[in-house]
Amino acid sequence: MSLLKPLLILFSLLLVGVLPAAAQSDPEALRPLINNLADGNYDETQRQIEEIAATGNAAAAPALEALGEGDLYFRKSDGMVFIAVREGKIYQLTDPLTLEAAGEAGRRDVKKIRVNNRLRRVIRSALGSLTLMAPDPGVRMAAAEAIFTARDPDGIEALDIALDAETDDNVRRVMQQARAAAVLNSDLGPEEKITAVGTLSDMGNRQALSLLLSVQSTLDPDVQAAAADAISKIEQSIAAWDAAQNIWFGISLGSVLLLAAIGLAITFGVMGVINMAHGEMVMIGAYVTFVVQEIIRTSAPGLFEVSLFIALPLAFLTSGLIGVAIERGVIRWLYGRPLETLLATWGISLILQQAVRTIFGPTNQEVGNPDWMSGAFELGQMTITYNRMWIVVFALLVFAGLMLVLKKTPFGLYTRAVTQNRRMAASMGIRTPWIDALTFGLGSGIAGIAGVALSQIDNVSPNLGQSYIIDSFMVVVFGGVGNLWGTLVGAMTLGVVNKFLEPYAGAVLGKIFVLVFIILFIQKRPRGLFALKGRAVEA
Amino acid sequence: MSSFLFRALDARAGIFVALMALVIVLVPAGNLLVPESSPFHVPTYAVTLMGKYLTYALLALAVDLVWGYCGILSLGHAAFFALGGYAMGMYLMRQIGTRGVYGDPILPDFMVFLNWQELPWYWYGFDMFWFAALMVLLVPGLLAFIFGWFAFRSRVTGVYLSIITQALTYALLLAFFRNDMGFGGNNGLTDFKDILGFDIQADTTRAGLFAASGLALVLCFLICRSITRSKLGKVLVAVRDAESRTRFLGYRVEHYKLFVWTLSAMMAGIAGALYVPQVGIINPGEFAPANSIEVVIWVAVGGRGTLVGAVLGAVLVNFAKTWFTAALPEFWLFALGGPVRLRHTLPAQGHSGPYRERPIDVWQQIGLRPG
Numbered sequence: 001m002s003l004l005k006p007l008l009i010l011f012s013l014l015l016v017g018v019l020p021a022a023a024q025s026d027p028e029a030l031r032p033l034i035n036n037l038a039d040g041n042y043d044e045t046q047r048q049i050e051e052i053a054a055t056g057n058a059a060a061a062p063a064l065e066a067l068g069e070g071d072l073y074f075r076k077s078d079g080m081v082f083i084a085v086r087e088g089k090i091y092q093l094t095d096p097l098t099l100e101a102a103g104e105a106g107r108r109d110v111k112k113i114r115v116n117n118r119l120r121r122v123i124r125s126a127l128g129s130l131t132l133m134a135p136d137p138g139v140r141m142a143a144a145e146a147i148f149t150a151r152d153p154d155g156i157e158a159l160d161i162a163l164d165a166e167t168d169d170n171v172r173r174v175m176q177q178a179r180a181a182a183v184l185n186s187d188l189g190p191e192e193k194i195t196a197v198g199t200l201s202d203m204g205n206r207q208a209l210s211l212l213l214s215v216q217s218t219l220d221p222d223v224q225a226a227a228a229d230a231i232s233k234i235e236q237s238i239a240a241w242d243a244a245q246n247i248w249f250g251i252s253l254g255s256v257l258l259l260a261a262i263g264l265a266i267t268f269g270v271m272g273v274i275n276m277a278h279g280e281m282v283m284i285g286a287y288v289t290f291v292v293q294e295i296i297r298t299s300a301p302g303l304f305e306v307s308l309f310i311a312l313p314l315a316f317l318t319s320g321l322i323g324v325a326i327e328r329g330v331i332r333w334l335y336g337r338p339l340e341t342l343l344a345t346w347g348i349s350l351i352l353q354q355a356v357r358t359i360f361g362p363t364n365q366e367v368g369n370p371d372w373m374s375g376a377f378e379l380g381q382m383t384i385t386y387n388r389m390w391i392v393v394f395a396l397l398v399f400a401g402l403m404l405v406l407k408k409t410p411f412g413l414y415t416r417a418v419t420q421n422r423r424m425a426a427s428m429g430i431r432t433p434w435i436d437a438l439t440f441g442l443g444s445g446i447a448g449i450a451g452v453a454l455s456q457i458d459n460v461s462p463n464l465g466q467s468y469i470i471d472s473f474m475v476v477v478f479g480g481v482g483n484l485w486g487t488l489v490g491a492m493t494l495g496v497v498n499k500f501l502e503p504y505a506g507a508v509l510g511k512i513f514v515l516v517f518i519i520l521f522i523q524k525r526p527r528g529l530f531a532l533k534g535r536a537v538e539a
Numbered sequence: 001m002s003s004f005l006f007r008a009l010d011a012r013a014g015i016f017v018a019l020m021a022l023v024i025v026l027v028p029a030g031n032l033l034v035p036e037s038s039p040f041h042v043p044t045y046a047v048t049l050m051g052k053y054l055t056y057a058l059l060a061l062a063v064d065l066v067w068g069y070c071g072i073l074s075l076g077h078a079a080f081f082a083l084g085g086y087a088m089g090m091y092l093m094r095q096i097g098t099r100g101v102y103g104d105p106i107l108p109d110f111m112v113f114l115n116w117q118e119l120p121w122y123w124y125g126f127d128m129f130w131f132a133a134l135m136v137l138l139v140p141g142l143l144a145f146i147f148g149w150f151a152f153r154s155r156v157t158g159v160y161l162s163i164i165t166q167a168l169t170y171a172l173l174l175a176f177f178r179n180d181m182g183f184g185g186n187n188g189l190t191d192f193k194d195i196l197g198f199d200i201q202a203d204t205t206r207a208g209l210f211a212a213s214g215l216a217l218v219l220c221f222l223i224c225r226s227i228t229r230s231k232l233g234k235v236l237v238a239v240r241d242a243e244s245r246t247r248f249l250g251y252r253v254e255h256y257k258l259f260v261w262t263l264s265a266m267m268a269g270i271a272g273a274l275y276v277p278q279v280g281i282i283n284p285g286e287f288a289p290a291n292s293i294e295v296v297i298w299v300a301v302g303g304r305g306t307l308v309g310a311v312l313g314a315v316l317v318n319f320a321k322t323w324f325t326a327a328l329p330e331f332w333l334f335a336l337g338g339p340v341r342l343r344h345t346l347p348a349q350g351h352s353g354p355y356r357e358r359p360i361d362v363w364q365q366i367g368l369r370p371g
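As given, the protein sequences belong to chains A and B, one line each in that order. Quick note, in our numbering, the first sequence goes up one by one and the last residue is 539. Quick note, in our numbering, the second sequence goes up one by one and the last residue is 371.
Honestly, the hints are just simulated from the structure, not real lab data. Hints are supplied without guarantee of correctness; some may be wrong.
[Said to hold, decoys possible] Here are the computed lysine to aspartate or glutamate pairs in the DMTMM-like style, where the Cα-Cα straight-line distance is at most 25 Å:
{"#": "1", "chain 1": "A", "residue 1": "K111", "chain 2": "A", "residue 2": "E87"}
{"#": "2", "chain 1": "A", "residue 1": "K524", "chain 2": "B", "residue 2": "E254"}
{"#": "3", "chain 1": "A", "residue 1": "K511", "chain 2": "B", "residue 2": "D180"}
Take these sequences, add in the hints, and give me the full structure.
In structure tokens:
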């Protein structure tokens, strides 16, 4: 077990990128210093430890750690130092710098390097300053954070030295916070502590809050007052950040709703067609992504990072073509009978679902996230995942693109003309059946590319579409038919309202409230937020 | 009242009522009186299955009344069905008494399991059958009345109304899934023991429930029939075909709609109440929006605007569903989706308005009648 700890340290150092740093300061340079640990009394050892610490070379950390644990031995034959673990009658040796196995030795061949409590303290501070002085800012940051969590008063001295030498502002800030944490836990005077409380109050996150709350009772009255102030200040800032985070979640949910609903808004708005198979178009888009990724996996793994960009046009085409086929085959016979269209497209949705289930099976398919879609970054105290962020961006891009198509192209002009007055448009020579088919294809194609995006955050299964269809309808009906801005505002409003209700009412109750709200809203404005005016309404 | 009902009995309705009477008598008799060895014996499971179809038929009748005759396409009628079912389920739960797994004389098992200390107020009274029966009518009726009062008053029509009825049933679905609603959450209400003192598993009870479903169907059919043939029915059809014109002629359209909508919801509630003791369970899945759409499909298949058609459509589609899911489970959704599409892509021949009352064309659907 004792071998595990240095390994863990090395591993954590690896994570923060110490190995590239170790290339700058060669671990082998430490070898003589480490080997020197073998001889001499406690005073001599202490001097050696301080010398090692002075190099600032983090590669020495496992050896020092082992020394503190009493796992550092030297070989009597050549004076080489090893980390050793006893196994029965022999010792397993590990090189203290490279951490590679270095053979084994008999019980009499090696001798333990002895330490006392004074040395252990020296080792601790040496370890602290080793990492605090490391050339890599990442390592220094990690070390400071470790002290912050440990709140070890012994770290103050090392931090003071490190702070003097620190050049990186970010690391400096973390070190100051770590020092503040350690100070609050130490027996220093109230002035020092009030300064520390000030530092933590500026930090203003949950970590600082929990730290202050835990030490509050142990402080002097003066400091306690300062701490109480700081706590309320932090709580306020956390509340503000929470609100910001909620808004972000709401926008994120809203963008998903927008993606799912925007195609529906087109078909519904232009043709008055309630397309219950819309969700299945989304599902097909997701399955296109799956197929593209499967092909890439087997034949061109290098393209995986761009698989989504390959899937986008394919999904648009696939769903769009199916949409055109549905329009030509079924819907065009049913214009003017919206309720029957609704049922017919519902039948189509069942057939598409069953077809996908028959081809791909009923289980969830795995669609991978490219690297640039995974992970997260911090903005203030909010955590923003990349996939959510890109989906927000993507939704807005799709919205803008669709706006452009509808406002700036001849096709868009015709579409708007047909929306506003079908018969007049026909009289002016617009071939309305073609516009209908193309618009339906466009709406379905948009649903397809929405499916590509949703495959990144949702399970790709034959039921994918079903889970979005009701929400999409709510968005379209809430936002108002025939107006894309209505869809945007509707989606974002419903998303944000939903996420704000969730903490108070729970996810399910929040959703119920939103549904009831929509039902009531429709009573007030039967045609949605942005209602079309004029004759088209009654048509 | 009786003259009101008898007025509905013209030749076509008479045939239906006579046939139903035959079914109501013969099926239970075939189950209880004919020995099992006889080829005419009706097994108990078939009785229950057909009883279930009859409750579905009643639900379809309710949907047809509002959709076929008043043009209100409800995509949320399963909500009223399920509410009626829950009211009956609550009565049946209270009847279990100490025979539950935890043996609590008052609290149903799931409440004991969730550590509830006492019965929520809305469970009071459900130990009495008359109260539960009243609730079967009142709860869906009241919900429909409030919902309809708001919706029709603000003239929410057509597709918008359909979508908010769907929102209604979806909201109820989510609500009933919650454990703290006190309706058994995900699992719903089940494990019933007896109804009105009769063992719910017994053949005689099942036959009785079947007969009750048949009687309820006939009664509701006659009510619907007399409504649609009365002056009220003519106004409803007028609303369906030209709502604004009817309003301009001086009729209070929303009152007519509200009346028929509430009545239809109550019928759906009765159907649900009869459904639950026969299938032995009610859970939030009954609220699923897809269920409501399926009911509309039955009506569409049987022939919208023909009461007998709604009944036949419900029975036929469900019979096909039972058969398909047993024989070709893969193809049920294809089969359900296909006719729906065909039914609606058939160009309506020579119609004098968008919603001309059409004869029953199930026969055409299943290919028994050429052309």
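Exercise. Does the structure keep A:K511 and B:D180 at a Cα separation of 25 Å or less?
Worked result: 16 Å, holds
For this session: Compare the distance between the alpha carbons of A:K111 and A:E87 with 25 Å, and conclude whether the hinted pair is satisfied.
Result: Holds, at about 15 Å.
Problem set entry | Hint consistency between A:K524 and B:E254 [alpha-carbon to alpha-carbon, up to 25 Å] | 16 Å, holds
Hint check: no violations occur; every hint is consistent with the structure.
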